Amino acid sequence: GAGVSQSPSNKVTEKGKDVELRCDPISGHTALYWYRQSLGQGLEFLIYFQGNSAPDKSGLPSDRFSAERTGGSVSTLTIQRTQQEDSAVYLCASSNTGIAKNIQYFGAGTRLSVL
Amino acid sequence: QKEVEQNSGPLSVPEGAIASLNCTYSDRVSQSFFWYRQYSGKSPELIMSIYSNGDKEDGRFTAQLNKASQYVSLLIRDSQPSDSATYLCAVRVARIYNQGGKLIFGQGTELSVKP
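Going down the list, the sequences are from chains A and B. Counting in the numbering used here, the first sequence runs from 69 upward without gaps. Counting in the numbering used here, the second sequence runs from 64 upward without gaps.
Since the hints were derived computationally from the structure, they do not count as laboratory data. These numbers come from a predicted model, not from an experiment. None of the hints are false.
Simulated crosslink set (BS3-like; lysine-lysine; CA at most 27 Å straight-line):
(1) K105/B to K83/A
(2) K125/A to K83/A
(3) K105/B to K79/A
(4) K125/A to K79/A
(5) K105/B to K119/B
(6) K125/A to K105/B
(7) K125/A to K85/A
(8) K130/B to K119/B
(9) K105/B to K177/B
With these hints in hand, go ahead and build the complete structure from the sequences.
Written out as structure tokens, the structure reads:
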């Protein structure tokens, strides 16, 4: 497809379980971003990948959160030992850097519910 | 002080009126500014981007940027019920021009356009 693709669209898990969320960016986009949107917290930055550079992990809330991007394309966000406060919509975005305007396009998101 | 602040909502305007949405930011290094629209249960979609002081018009939408005062606004002319959504102001934080960078979002302003 032409847009950012995320899977699954919904995920329900039990507290303490690990989850993996997947993001497939727009073809050719070199930068990939993860954000989280929860009630009362707005949309907050988690992590950002650009090309072969070290990722910007400054937004990850704890060491239970990690992400990787393989082959400069697909990314996986992993949350270990999930907690109820991890319940949120996780949004992925991609952009084409090297162009000053750097527009970020968002996927439909993964709604995570931790019971 | 939050990095990006938006005027609190909800904002209610009658159909056909002008809706004015405001946003202030704290980081003077910020280079790029964006307005996203988010319908309930959907992901953010880009409405406007602006990079230079002044006005930028696109159809019924006008973005205004004043870097000296550190504010950016969005005007929606001839508001329609379909404009009812949450509007997110976002600021791109990038220390190197022409490189990608994370977006810092405001809390959003909910707009309701009454028929």
